[in-house]
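2 protein chains.
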Amino acid sequence: MTDYKQKYSELQELIENQIANSFLNIEQPDNLYIPIRYFLEAKGKRLRPVLTLIATGVVGGEIMKALQAAVSLEFLHNFTLIHDDIMDKSPIRRGRPTVHTKWDESVAILSGDLLLGIAFRKIIEDVPSDYYKEVLLTFTDAFVEVCEGQGFDIDFENRTDVSFEQYLLMIEKKTAKLIEKAMLVGGYIGNATPNQIEALKIIGQSLGIGFQLQDDLLDLTASVDKFGKEIGKDIREGKKTFLILQSKELFKDDLSINLLNKFFANKGLQDEEVFELINYMASYGVMAKAKEQINYYFKKAMTNLEKLPNNEYKDLLRYVIEKILQREY
Amino acid sequence: MTDYKQKYSELQELIENQIANSFLNIEQPDNLYIPIRYFLEAKGKRLRPVLTLIATGVVGGEIMKALQAAVSLEFLHNFTLIHDDIMDKSPIRRGRPTVHTKWDESVAILSGDLLLGIAFRKIIEDVPSDYYKEVLLTFTDAFVEVCEGQGFDIDFENRTDVSFEQYLLMIEKKTAKLIEKAMLVGGYIGNATPNQIEALKIIGQSLGIGFQLQDDLLDLTASVDKFGKEIGKDIREGKKTFLILQSKELFKDDLSINLLNKFFANKGLQDEEVFELINYMASYGVMAKAKEQINYYFKKAMTNLEKLPNNEYKDLLRYVIEKILQREY
Chain R
1 MTDYKQKYSE
11 LQELIENQIA
21 NSFLNIEQPD
31 NLYIPIRYFL
41 EAKGKRLRPV
51 LTLIATGVVG
61 GEIMKALQAA
71 VSLEFLHNFT
81 LIHDDIMDKS
91 PIRRGRPTVH
101 TKWDESVAIL
111 SGDLLLGIAF
121 RKIIEDVPSD
131 YYKEVLLTFT
141 DAFVEVCEGQ
151 GFDIDFENRT
161 DVSFEQYLLM
171 IEKKTAKLIE
181 KAMLVGGYIG
191 NATPNQIEAL
201 KIIGQSLGIG
211 FQLQDDLLDL
221 TASVDKFGKE
231 IGKDIREGKK
241 TFLILQSKEL
251 FKDDLSINLL
261 NKFFANKGLQ
271 DEEVFELINY
281 MASYGVMAKA
291 KEQINYYFKK
301 AMTNLEKLPN
311 NEYKDLLRYV
321 IEKILQREY
Chain L
1 MTDYKQKYSE
11 LQELIENQIA
21 NSFLNIEQPD
31 NLYIPIRYFL
41 EAKGKRLRPV
51 LTLIATGVVG
61 GEIMKALQAA
71 VSLEFLHNFT
81 LIHDDIMDKS
91 PIRRGRPTVH
101 TKWDESVAIL
111 SGDLLLGIAF
121 RKIIEDVPSD
131 YYKEVLLTFT
141 DAFVEVCEGQ
151 GFDIDFENRT
161 DVSFEQYLLM
171 IEKKTAKLIE
181 KAMLVGGYIG
191 NATPNQIEAL
201 KIIGQSLGIG
211 FQLQDDLLDL
221 TASVDKFGKE
231 IGKDIREGKK
241 TFLILQSKEL
251 FKDDLSINLL
261 NKFFANKGLQ
271 DEEVFELINY
281 MASYGVMAKA
291 KEQINYYFKK
301 AMTNLEKLPN
311 NEYKDLLRYV
321 IEKILQREY
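First to last, the protein sequences are chains R and L. Quick note on our numbering: the first sequence kicks off at 1 and runs consecutively. Quick note on our numbering: the second sequence kicks off at 1 and runs consecutively.
In short, the hints are calculated from the structure, not lab data. Please note that a few of the clues may not be correct.
Copies of one chain are not kept apart here, so a pair can be met inside one copy or by any two copies together.
For lysine-lysine, the following PhoX-like pairs were computed, each having C-alpha atoms within a straight-line distance of at most 25 Å [unchecked claim]:
# : residue 1 : residue 2
1 : Lys102    : Lys89
2 : Lys262    : Lys89
3 : Lys314    : Lys45
4 : Lys267    : Lys102
5 : Lys299    : Lys7
6 : Lys122    : Lys133
7 : Lys122    : Lys201
Pulled out of the complex, with its shape left as it was, chain R reads as follows (with noise of 0.2 Å):
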């Protein structure tokens, strides 16, 4: 069992050793390049690129091959974090004082914006020709679908009636997107089968809606040791997540739906507040119902994780998937 935190390790080390690579070249202007090595050092659990070279690797294909669009993918998510901390006013990212707060907003969005120019040209540079034109337009598609989707978030912020149909738009674009996207540059790179290459954008997908329903849930029940982040985070800056959404079709009472009006008329709540609507929803069954719609995402990952051939990446999907999905912090 051990032995996939290992291989996963094994992965993550290949891309931030590529990542360091990408740098080696004394770059100017130093404004922007120092920012951008500074945001990338932080490490994070690499989990998109990871997931490319996973997804080569369980058609069959060399995983090295996808090592730099793997690289790029991870540029373009880490783009969307610095842009993102602009938007959201973020101080802190990875424990660490955010772009436009150590710099300034001007740096941020400049040094996003090279990020990313960097993640194509090394993209574009790398990839093989046979399957230049999918791998390229997947990686766009995943760049313009998380643009979308954060321009639909920042919408909601100032709308009371967003439906859950919207909200589930809305987090496929920003966050389940990307990591679908990754699988499939992944499968192209490894020249999966159109077969394979569906049962990839399945597993991706659900594993990128449940990821975010998981996130959601565990603002609220993790305990601050193990997750490492106050509970309530989200009611507090008033963020509709799928529990707030729930909560207002299961709340019967007046004081539980005054309680939801005051969120949504305030945009946020007061810590006793918080505590207050969490005990609501959970005896409306809220976090049940989150529960079971992420074991929903869970089992159709893993129904369609069986269309594809049996080897160590698959094990090794499955363990991420298992990972992530039916993670308690």
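Fit chain L to the known structure of chain R by using the hints.
For chain L alone, coordinates are given in the frame of chain R:
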């Protein structure tokens, strides 16, 4: 002679139609697509995409094959303008409120990002596979260089020690590269020979640098009527243009040097001081020096023009070079 103006307008119209056709489908979210359409509606000269078409035509290619790539270059240019306007805090562009002024910064960051995504999607979908790599890398290099150039530009704002060479490198990246790459993309799609590519490169570069120097100069000499903007805006705003850097080298007496130091210390000058500085510049021959430089780039472009085949597009390109580098407003 007026034929050229007519011919330019025809190419411009091809571009306008293609831009309009790019947004025929109703796309969501509105909070990004409406600002994008709004920004593109304010028609500029469309210099870059017209140069792409001319470059394809002059080397004997079919200009319609380059139309989508040309429009992607215009989108790339507009993406840089939307983001630059945020950083420069510019309220007005092409006579209308800028995106971040009419909406807000988040919308401007994201709609710029999305427009860039559309630019990549369209050029990748469309570019013929024979030379996809050259075209896409050229396009991406333009994107990377323009970010680096803007990085230097915002860095220079806080420095008083910018050398003339550093200034040239900055405008080469920020302004000239996009014009140069627009011509190269056209050349590749027109299946240009290596010698023709080399000539197009030098013409684009000369035109780009000359264009920016001309812009710097016209800020001081154009009449409000013709140029449509106030004289000395760059000096008021503290921009370290070619003329300021030349002044630093040429000014000899204390009064003029003191005024220049005041410009650097206060990041700009007041109205009456602006005219005083312009007078010093005139008497020390700063404008003459600028005209000399512009003339150098003009001649370089013209010399290299002779390396291209004789045809109507060559005549049109000559007209454009003359128009841009010899304009007086």
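Cross-check of the supplied hints:
{"no.": "1", "hint": "Lys102 with Lys89", "verdict": "both (12 Å within a copy, 20 Å between copies)"}
{"no.": "2", "hint": "Lys262 with Lys89", "verdict": "within (23 Å within a copy, 36 Å between copies)"}
{"no.": "3", "hint": "Lys314 with Lys45", "verdict": "within (19 Å within a copy, 54 Å between copies)"}
{"no.": "4", "hint": "Lys267 with Lys102", "verdict": "between (27 Å within a copy, 24 Å between copies)"}
{"no.": "5", "hint": "Lys299 with Lys7", "verdict": "within (24 Å within a copy, 62 Å between copies)"}
{"no.": "6", "hint": "Lys122 with Lys133", "verdict": "both (15 Å within a copy, 12 Å between copies)"}
{"no.": "7", "hint": "Lys122 with Lys201", "verdict": "both (24 Å within a copy, 23 Å between copies)"}
Consistency with the previously given hints is maintained throughout, with no hint failing.
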